[in-house]
Amino acid sequence: MSRPEPKRAAADLPAGLDAPVFAEPWQAEAFAMVVALHDRGLFSWGEWAQALSAEVKKPGAAADGHDYYEHWLAALEGLLASKGLAARQDVDAMAHAWERAAHATPHGKPILLENDPEFGPAR
Amino acid sequence: MSHDHDHDNELDPFAARVRALETILTRKGLIDPAAIDVIVDTYETKIGPRNGARVVAKAWHDPDFADWLRRDATAAIESLSYTGRQGEHMQAVFNTEDTHNLVVCTLCSCYPWSVLGLPPVWYKAPPYRSRAVIDPRGVLEEFGLTLPAETKIRVWDSTAELRYLVVPLRPEGTDGWSEEQLAELVSRDAMIGTARAGQPA
Chain A
1 MSRPEPKRAA ADLPAGLDAP VFAEPWQAEA FAMVVALHDR GLFSWGEWAQ ALSAEVKKPG
61 AAADGHDYYE HWLAALEGLL ASKGLAARQD VDAMAHAWER AAHATPHGKP ILLENDPEFG
121 PAR
Chain B
124 MSHDHDHDNE LDPFAARVRA LETILTRKGL IDPAAIDVIV DTYETKIGPR NGARVVAKAW
184 HDPDFADWLR RDATAAIESL SYTGRQGEHM QAVFNTEDTH NLVVCTLCSC YPWSVLGLPP
244 VWYKAPPYRS RAVIDPRGVL EEFGLTLPAE TKIRVWDSTA ELRYLVVPLR PEGTDGWSEE
304 QLAELVSRDA MIGTARAGQP A
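Sequence order for the protein chains is A and B. When you line the first sequence up against this note's numbering, it's residues 1 to 123, in that order. When you line the second sequence up against this note's numbering, it's residues 124 to 324, in that order.
Please keep in mind that the hints were generated in silico from the structure rather than gathered at the bench. Do not take every clue at face value.
Restricting the straight-line Cα-Cα distance to at most 30 Å, the calculated cross-link-like pairs of lysine-lysine (DSSO-like) are [claimed, not checked]:
1) K83(A) to K58(A)
2) K109(A) to K275(B)
3) K109(A) to K83(A)
4) K83(A) to K151(B)
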């Protein structure tokens, strides 16, 4: 859009408060997973709102909202664990496998789970 | 390459956990990675406040549509093919000379995605969520919107089931404008209630 825009952003708020909706790719993926799982009927949107609300209400939430998707992810993990869809210990183990895979992947190459030195056949 | 080191790769803990969830859920057949990409693309590029601006402009332009929007916003908005994914109901709240409407979600971050896209960061942050209800006039002033003391402010608290769209006052001097021209005056913030519609240049 090149023409001058008549609309005005919230100019009086501190800089950075009007940032793009996703700051990092994992935030977009975490967002989309919730939408996809809801589409499959694995939880109602009310259940999701309740789970998210419980996370964002915890003390220590940042006033600038930068940790919003961290709460989003915690809510998703909690909901999946409570429904028996992804147990906490399995997520922990898989996350460590991904971290090892990242370390073992030469710079510039895509990170694949198979690059994890402890990689075994898919469970 | 713009990475801060050059020997190996690093996943931050959140990225690693998201990948872990994707792996586990994909192996169980509960998600399809290609579908995840489509959802991200849709929300990043296709759904946004231009949708809501078209709804507002149509309501300004077409009294019958405005009446429908007032009575049954869910159906009126769906008639423009903007459909909510969460089965939520929509309510349109019309600003008048006497009353200004402001939308918040004190619970978490419920927001009319189908017409406004995803919420701005400040909408999801604790200060707005707590203060919009307690001190709406003060919050609006921080957005640069000072309302006359006699204007009432009505705050609408969104839920998972019911989301609100503010229909701002149509600016003066726009008689005879087309819907497309009118839509250009309608910002995201005007449809949340933290701004007025733009003025004709």
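Hints, verified against the model:
Pair hint K83(A) plus K58(A) holds up; C-alpha atoms about 22 Å apart against a cutoff of 30 Å. In summary, the hint linking K109(A) to K275(B) is not supported, as the alpha carbons are separated by about 59 Å, beyond the 30 Å threshold. Taking the CA atoms of K109(A) and K83(A), the gap is near 36 Å; set against the 30 Å cutoff, the hint is violated. Under the criterion of a C-alpha separation no larger than 30 Å, the hint pairing K83(A) with K151(B) is consistent with the structure, at around 14 Å.
The earlier numbered hints that this structure contradicts are 2 and 3.
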